[in-house]
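Visitor: One-letter residues, chain by chain:
There are 2 protein chains.
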Amino acid sequence: MPSCPDFGPKPHLGYTASLIDRAAHRRGEAAALAADRRAGAYVIGGEMIVARKQASGGEPLFALQEAQALAATRECVLLGFRDGVPHFGVGIGKEAVEGLKARDELLVTDLRSIAVQGLVAPEHLPPLAEAKALLAWHARHRFCANCGTLTDVAEAGWKRICPACRTEHFPRTDPVVIMLAVRGEQCLLGRSARFASAMWSCLAGFVEPGENIEEAVRREVHEEAGISCGRVVYFASQPWPFPMSLMIGCHAEALDRDIKIDPELESARWFDRDEVALMLLRKHPDGLGTPPPVAIAHHIIRAWVEGDVVAFD
Amino acid sequence: MPSCPDFGPKPHLGYTASLIDRAAHRRGEAAALAADRRAGAYVIGGEMIVARKQASGGEPLFALQEAQALAATRECVLLGFRDGVPHFGVGIGKEAVEGLKARDELLVTDLRSIAVQGLVAPEHLPPLAEAKALLAWHARHRFCANCGTLTDVAEAGWKRICPACRTEHFPRTDPVVIMLAVRGEQCLLGRSARFASAMWSCLAGFVEPGENIEEAVRREVHEEAGISCGRVVYFASQPWPFPMSLMIGCHAEALDRDIKIDPELESARWFDRDEVALMLLRKHPDGLGTPPPVAIAHHIIRAWVEGDVVAFD
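The listed protein sequences correspond, in order, to chains Z and L.
Residue numbering for the first sequence is 2 to 314, as defined by our numbering.
Residue numbering for the second sequence is 2 to 314, as defined by our numbering.
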């Protein structure tokens, strides 16, 4: 293997390393905690985060009362405590968000842009992810899937209960496998039509009922690229609040080389390690690139380029 | 470390190693596939599996027509293909299951008992898990969580679509972390009140929105036993169709020893490696035991006893 270029220090995975203590046992005290004058809140409407404009970007943490004065609250969920101070997520409607865009003192931007461009201090990303995922679940799950009745919020937003059939509903978290299939000095990257032009990434897909992570990895690589995989090695995981996934990153041993692309993918091909190194460094002669460090795909790819994973051969 | 006893060959994880090719691209052909006279089906009602009685246990695979003649079908889902033959899961009502218990030629038992007692050939466990998880989702998700309307089944049971608001709903798979916290020659086991008497196991809990696997492991061990953990190492994963979980097994480095038990747990304590070895072998002097090999907890514990995991010290 040729010597590996220096990619600089390893940042932690985007949206991880939360400073919030979720303190689940205190979710029954939501009303009292919301009355705490120190309580802070993040304000979210659909994909959009509301922040106060600052020279360096935005400050997304409001006092709870201030947050609730911005627009009508749809749901208010308890994220947990930071240094003993309760932090909430406040969900507002999409129309309300549009209205706030007109206000000069506010920065209203989608979470992906905020994370990629570093528009808020990094410490805010994990609670923003927590709030966004939880509020996105509420926004699409106000009715009982068991009987169709409008449900009530309970446990500070961590449960919904049906007043008719008493079914309890809990927030969804959808496990997704995201993997780099590798074979010798080459790895398999794909691109979907919705990717930014010239970006190539790992293949990925939802874990289905009745399969484990390793089986899901093999199934997805086979479905999307027609490649059979043998050994699968877990690498790391990341919450991905678009809308509410858990990304489970792996490396997989490709057993063959003949790609057969699924129609849902725009393209997939093998890349040499040296070429991928240039893509990571954004020095590729044709401008090809990989996802940014906020995405686990970047780290899965980088770890392989750096030789920092199990060698399958 | 003292020498490790011989636990015998390592069985694969329960409900994994499926022989079914899910062939997701063929889910649009459900009607035509159901007309295939070779089509097979598993019959499930709630927790119960219906099988034909045999000397050695049960044969859970029926011809699809035969399956649908047993009781009124609630949902019929395409599991995939085995050797080119379509296999389905047929969901029936709980009352219908009760009725079938009276029939001499049938064995009607819950999936846990079937798996633990080996009542069906092992090759049937993965498709039974797939069918049970998917049918359990349908049974509790017939209405649109977004607007309350009764939804239509699509894609051979892999989707439900709301005829009113057009929201698409996909089967849930709930990621659960299950972990063994270890410190030197000791590991932390707990028991909940619902466990069989004298059984001790790993701690476990659902991954929440906005956290990754490693954070969920640390949060759960702290919530349930008051123990802080440092490094977390992924071990293996297993589908767990009770009702629709993905168990993500890890080992974790315990940073302290003072246990503070969560009221939801009946007990938790440190066990020496030698004592756990006796529990795995079912030779513990007080009759204490671990979960059976069909559960990933068994393998997580065994791997640590065998020294087959990263040593944290």
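Treat the hints with care, since some could be wrong.
All copies of an identical chain are treated as equivalent in the list; a pair is satisfied when it fits inside any one copy or across any two copies.
[Claimed, not checked] Simulated pairs of lysine-lysine, BS3-like, Cα-Cα distance not exceeding 30 Å:
no., residue 1, residue 2
1, Lys261, Lys160
2, Lys95, Lys284
3, Lys102, Lys284
4, Lys284, Lys261
5, Lys54, Lys160
6, Lys261, Lys95
7, Lys160, Lys95
8, Lys160, Lys284
9, Lys11, Lys102
10, Lys102, Lys261
11, Lys95, Lys11
12, Lys160, Lys11
13, Lys54, Lys95
14, Lys11, Lys261
15, Lys261, Lys54
16, Lys11, Lys284
Since the hints were made in silico from the structure, they are not lab data.
Just so we're clear, the structure is a prediction, and the values are computed from it rather than from any experiment.
Visitor: As a check of your reading, is Lys160 near Lys284 (CA-CA no more than 30 Å) within one copy, between copies, both or neither?
Guide: Answer is neither: 48 Å inside a copy and 42 Å across each miss the 30 Å cutoff.
Visitor: Could you place Lys102 and Lys284 in one of the four classes (within, between, both, neither) given a Cα distance threshold of 30 Å?
Guide: neither (36 Å within a copy, 68 Å between copies)
Visitor: Is it within, between, both, or neither for Lys95 and Lys11, if the alpha carbons may be no more than 30 Å apart?
Guide: For Lys95 and Lys11, the Cα distance exceeds 30 Å both inside one copy (36 Å) and across copies (53 Å).
Visitor: I want to check one pair: Lys95 and Lys284. Are their C-alpha atoms no more than 30 Å apart within a copy, between two copies, both, or neither?
Guide: Neither: 39 Å inside a copy, 62 Å across copies.
Visitor: Is the C-alpha distance from Lys160 to Lys95 at most 30 Å within one copy, between copies, in both cases, or in neither?
Guide: Both ways: Lys160 and Lys95 sit 23 Å apart in one copy and 26 Å across, limit 30 Å.
Visitor: Between Lys261 and Lys160, at a C-alpha cutoff of 30 Å, which is it: within one copy, between copies, both, or neither?
Guide: Result: close only across copies, 26 Å inter versus 43 Å intra.
Visitor: For the identical chains here, do Lys11 and Lys284 meet the 30 Å Cα criterion within one copy, between copies, both, or neither?
Guide: Within. Shortest intra-copy distance 19 Å satisfies the 30 Å Cα cut-off; inter-copy 48 Å does not.
Visitor: When no copy is specified for Lys261 and Lys95, does a C-alpha distance of 30 Å or less occur within a copy, between copies, both, or neither?
Guide: neither (41 Å within a copy, 44 Å between copies)
Visitor: Given a CA cutoff of 30 Å, do Lys261 and Lys54 count as a within-copy pair, a between-copy pair, both, or neither?
Guide: neither (48 Å within a copy, 44 Å between copies)
Visitor: Check Lys160 against Lys11 for me: Cα-Cα at most 30 Å, and say if that holds within a copy, between copies, both or neither.
Guide: Close neither inside one copy (36 Å) nor across copies (39 Å); limit 30 Å.
Visitor: From the Cα coordinates, with 30 Å as the cut-off, is the pair Lys102 and Lys261 best called within, between, both, or neither?
Guide: Close neither inside one copy (45 Å) nor across copies (48 Å); limit 30 Å.
Visitor: Since the copies are identical, ignore which copy is meant and state whether Lys284 and Lys261 lie within 30 Å (CA to CA) inside a copy, between copies, both or neither.
Guide: The answer is within: 29 Å in one copy meets 30 Å, while 53 Å across copies does not.
Of the numbered hints listed earlier, those contradicted by the structure are 2, 3, 5, 6, 8, 9, 10, 11, 12, 14 and 15.
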